[in-house]
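Turn these sequences into a full structure, and let the hints steer you where they fit.
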Amino acid sequence: MSSSDPSPARLSAADLVPSDAPRRLTRDGKLKLTPVFAAGGRDIVFAEHESPNLVALRRLSLADGSEERLHPTLRAHQFDPAFSADGRYHCYAMSATSPQLVLVLQDLTEKKQSTFQPQDSRATARYPSIAPDGTRVVFSLSDVGGQQIAAVNMQGQELTRLTQSAGMNDWPAFSPDGRQICFGSSRDGDLELYVMNADGSAVRRLTRSPGRDVRPAWCPDGKRIAFSSTRDGNHEIYVMSADGSGQRNITNHPARDDFPAWHPDGRGLVFVSDRDGGSDLYWVDVPA
Amino acid sequence: MLEVGSFRCRDCQGTTRRAFLRAGLLAPWAGAALPRVLTQAAAAETARARSILLVWLGGGPSHLDLFDPKPKAPVEYRGPFATIATRTPGVRFTELLPRLAARSDRFSLIRSNVNFDGDHLIAGSIALTGSPANAGGYPPNFGAVLARRRSAAGLPSFVSLARGPIGDGRGPLQGYGGGSWGQGYDPFMVSCSERGEVDIPNLKLFEGLTPARLGDRQLVLKELDTLRRSIDTTRLEQWDGLHRRAHELLTSPDARQAFDLSRERAQTRDAYGYTSFGQSCLLGRRLVEAGVPYVQVNWSQFVEVFYQFSDYGWDTHADNFGLLADWHGPLFDRVFATLLDDLDERGLLATTLVVCMGEFGRTPRINAIGSRDHWHPCYFSLWAGGGVEPGRVVGESDPRGEHPLTRPITPAMVGTTMLELAGIPTAARAELRVLEGGRVIDELL
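Read top to bottom, the protein sequences are chains A and B.
The first sequence maps to residues 1 to 288 in this note's numbering.
The second sequence maps to residues 1001 to 1445 in this note's numbering.
Since the hints were derived computationally from the structure, they do not count as laboratory data.
Since the structure is predicted, the reported quantities are computational estimates derived from the model, not experimental observations.
A portion of the hints provided could be inaccurate.
Computed list of lysine to any residue pairs in SDA-like fashion (alpha-carbon distance at most 25 Å, straight line) [to be verified]:
#1 1072(B) / 189(A)
#2 30(A) / 1164(B)
#3 1070(B) / 209(A)
#4 1070(B) / 165(A)
Structure representation (structure tokens):
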């Protein structure tokens, strides 16, 4: 289907029933990044290049296909949404008045907001993942000391660097039990996936492939990890067991398939693809 | 600059939207009244490139992370990206560019560009004009030189596709237009949205005046009266002489067709992708096809990435590797590869010189926050079509990508080569007093 299809974004629960081929969930074609499920799987929140000078977080309701800005009055660029498993906490990266990207942390229950601001005036905090117990958030910190995985509490305080390696470290993702963190790193050359304990200890390498293995997403069942890989020449979504075994391509398309995010029930995932021209969200079943 | 009217065009979804055409009081095609150094016929005889399409990557794309990888450099230099083979034997790009690697036989790569300043506004002006400013300001942009030399029937001669004058948060590049020749040689600015909707930035004095209503003389006169009250006398004196030309442009079927992306096949529009840069490249191809001599497609209006006003330029001081992997690399790879394919399939590549560059590269040594800063002593440019021999790699940088090991390619050499291929030879440049003494990059030809 071409991006010139005039149909607005509409989907229903039927769109998420088992199917062999990925199903297209949006049709506007605007550049999209980093989708995640929210509200127990009823919504998808993602970053969209809404206008030439604004990247905004948007919420897509799976119930009726409606779409709206998540933060309607915010005029700063917003990226990398994250929600805690219980829906209480929300976190995202936001542009500041300098080239910085700060981390915004919200307690949606108490309606409190905190901000973590990196040290260097050009530093960035990106790709947050909230611990299942809601006590802290891990993220990629590009600041004095290089690009490392770091953590702060939900007030944006008590900064801890969990990695101290050469190369870049990015895309941290908590395991569902909160005991481990999967992340991408170039410490051994090209970008591969690693896992470490939640305190940064016991780093183990999970992938060994040509090209980039990036953006891990831990399945809520705790047994599988989805990620994006270019090992076959272009971006594809792969799924492997949590120990790195059984890596398989689940998208197999010449276009770019990227940014996987699991549904809370673990039956499939949403990803971004430009297979139909524009940049849109797609759903694919991933049987256990 | 004055807007002289508007028209409606269909977007890709079949709906009609208003698109504005604004005629500059001193737009490039007004140069028809200015002295010509050579005749049109003479230019046609010497030109290998009928048009030039410059893809401008403002902000400074990282040469090490794209077209000049250094996988054997120390870890504090090389970056995280693997390299991939290209169709050119022995030449490798980073993994961010698989489509262009598969098309490396369609373009040539310079790995030894140099600039003379590390400031965006200064380096950008030098890169687009060929030399630093003197007492009279910057020389004219290469596009202004060609526009003075060559016109397009019913269309502007120098078009810049951007949301406004390109620059950074401090202001525009002084070298973006006519420079020391004056605003009369500034480019005709056109913006193109991610849906392909064409708009003219800034003034919209005649909003609501559609081509169908242009025949309404009373309405036009009423709008002119409004205009006369709103502009100063000096500018008003220029208005009458230009009104006819503007009217011609606005009502020209050729112009309207050239700016209307809804006339493209859906597959073509899909291939470019629905981003402002993608659709702008498609619009650039249409303008070249329609005969516009010089089109500059801008990746963004601003060089900055994350400022609140910015629109994702290449100035990746922070998160360079994440941004290139997520955004800049895949988008550029897709769109530029599509542009080359499209021009080639339409038989336009032979007569269109495509040049792609920024104002500089980025620091080979990764900075303290895990990213890269400005680096003007060594960077890359891409050249295709219009008389350029494809599949060549010109120049070589040192093992860390810090300096050229071979003859540095200066902005003056870039401009000289572009104009030479477009049919403005040494004598003509000398008479125009631009790029005097400039040398052609012979290795490209």
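Hints violated by the structure (listed by number, smallest first): Violated: none.
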